[in-house]
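With chain A fixed as given, assemble chain B onto it according to the hints.
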Amino acid sequence: EPEVTQTPSHQVTQMGQEVILRCVPISNHLYFYWYRQILGQKVEFLVSFYNNEISEKSEIFDDQFSVERPDGSNFTLKIRSTKLEDSAMYFCASILSQETQYFGPGTRLLVL
Amino acid sequence: SQQGEEDPQALSIQEGENATMNCSYKTSINNLQWYRQNSGRGLVHLILIRSNEREKHSGRLRVTLDTSKKSSSLLITASRAADTASYFCAADQGGSEKLVFGKGTKLTVNP
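Protein sequences, first through last, are from chains A and B.
Throughout the first sequence, residue numbering follows the working numbering, covering 1 to 112 in sequence.
Throughout the second sequence, residue numbering follows the working numbering, covering 113 to 223 in sequence.
Chain A on its own, in the form it takes in the complex (with noise of 0.2 Å):
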């Protein structure tokens, strides 16, 4: 069965350095997004992506962040200069259209 993969599982980076977090959808999908967790809370939305450009952003989502769809594959969200605040799982998830929406494993990210 296809999946949603994310790279890295796991991301320690020190405050103000910049992270690259990278996902691949499932190929046929059209819709992506980015979500994240802090830890013992809810998964929050922050930006979905369609047709090569964002569609929604939440928020959360300020000019720190940005993402790209470099290559038709990968999907990749960056945090250019990190805070504290920022730690979480990050979840890539992908969709065809008004479907289940599928996540990948996500990626942990510490801030220190």
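A hint or two may mislead.
Claimed, not checked - One-sided excerpt, in silico: chain B residues whose CB lies under 10 Å from chain A:
hint : residue
1    : Gln149
2    : Leu160
3    : Arg192
4    : Ala193
5    : Ala202
6    : Glu209
7    : Leu211
8    : Val212
9    : Gly216
10   : Val221
11   : Pro223
As the list claims (entries may be wrong) - DEER-style ranges, computed between Cβ atoms:
hint : chain 1 : residue 1 : chain 2 : residue 2 : range
12   : B       : Pro223    : A       : Gly40     : 24 to 34 Å
13   : B       : Ser163    : A       : Glu18     : 40 to 50 Å
14   : B       : Gly128    : A       : Arg80     : 50 to 60 Å
As the list claims (entries may be wrong) - BS3-like mimics (lysine-lysine), calculated; alpha carbons at most 25 Å apart, straight line:
hint : chain 1 : residue 1 : chain 2 : residue 2
15   : B       : Lys182    : B       : Lys138
16   : B       : Lys215    : A       : Lys57
17   : B       : Lys215    : B       : Lys138
18   : A       : Lys42     : B       : Lys215
19   : B       : Lys218    : A       : Lys42
20   : B       : Lys215    : B       : Lys182
21   : A       : Lys83     : A       : Lys57
22   : B       : Lys168    : B       : Lys138
23   : B       : Lys215    : B       : Lys181
24   : B       : Lys138    : A       : Lys57
25   : B       : Lys218    : B       : Lys168
26   : B       : Lys215    : A       : Lys83
27   : A       : Lys78     : A       : Lys42
28   : B       : Lys218    : B       : Lys138
29   : B       : Lys215    : B       : Lys168
30   : B       : Lys181    : A       : Lys42
31   : A       : Lys78     : A       : Lys57
32   : B       : Lys182    : A       : Lys42
33   : B       : Lys182    : B       : Lys168
34   : B       : Lys138    : A       : Lys42
FYI, nobody ran anything at the bench for these hints, they're computed from the structure.
If you're wondering where the values come from, they're calculated on a predicted model, not measured in any experiment.
Even for Gly, the Cβ is constructed at its ideal location relative to N, Cα and C.
Showing chain B alone in chain A's frame:
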């Protein structure tokens, strides 16, 4: 106001018992999805119920949807210790089809 609020927040039962978790949401939806998350792990999709459906089954899972009350329930029958996890409902409001998650129900099934 929050979408997808589950109750109870925590539920502890004995193996073999049924577990019922409820979810409420605020706005109209395309569908509602239930996910399971083992501690510190990824989200595993369990079941999707569309706004025009009232009940859906998958193995030991039964989901109901009441759009007039904006609520859904997930029933796990004959629970097993391996069902121990957090369960989240997530509402697809349409548009960009982002999901709005609730805080989850932490289910513990004691052997």
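Query raised in the report: Do the alpha carbons of B:Lys215 and A:Lys57 lie within 25 Å of each other, as the hint requires?
Result: holds (20 Å)
Query raised in the report: Given B:Val212 as an interface hint, is the shortest Cβ-Cβ distance to chain A below 10 Å?
Result: holds (7 Å)
Query raised in the report: Taking only the CA atoms, is the gap from B:Lys215 to B:Lys138 under or equal to 25 Å?
Result: Since the Cα atoms of B:Lys215 and B:Lys138 sit roughly 14 Å apart, the hinted pair holds (cutoff 25 Å).
Query raised in the report: Does the nearest C-beta of chain A fall within a distance shorter than 10 Å of the C-beta of B:Gly216?
Result: Cβ of B:Gly216 sits 6 Å from chain A, so the hint holds.
Query - Pair hint outcome, B:Lys218 versus A:Lys42 [Cα-Cα no greater than 25 Å] - result: holds (12 Å)
Requested in this report: Using 10 Å as the Cβ threshold, decide whether B:Ala202 counts as touching chain A.
Outcome: Holds: closest Cβ of chain A sits about 7 Å from B:Ala202, inside 10 Å.
**Report entry** Restraint check for B:Lys181 with A:Lys42, where alpha carbons must lie at most 25 Å apart
**Finding:** holds (23 Å)
Requested in this report: For the pair supplied as a hint, B:Lys218 and B:Lys138, confirm whether the alpha-carbon distance does not exceed 25 Å.
Outcome: Distance of about 22 Å is within 25 Å: holds.
Query raised in the report: Do the alpha carbons of A:Lys78 and A:Lys42 lie within 25 Å of each other, as the hint requires?
Result: holds (21 Å)
Requested in this report: Grab the minimum C-beta distance from B:Val221 to chain A and call the hint holds if it beats 10 Å, violated otherwise.
Outcome: violated (21 Å)
Requested in this report: With a cut-off of 25 Å on the C-alpha distance, tell me whether A:Lys83 and A:Lys57 pass.
Outcome: holds (19 Å)
Query raised in the report: Taking the CB of B:Gly128 and the CB of A:Arg80, does the distance hold inside 50 to 60 Å?
Result: holds (52 Å)
Checked against the numbered hints listed earlier, the structure breaks hints 3, 4, 10, 11; every other hint is satisfied.
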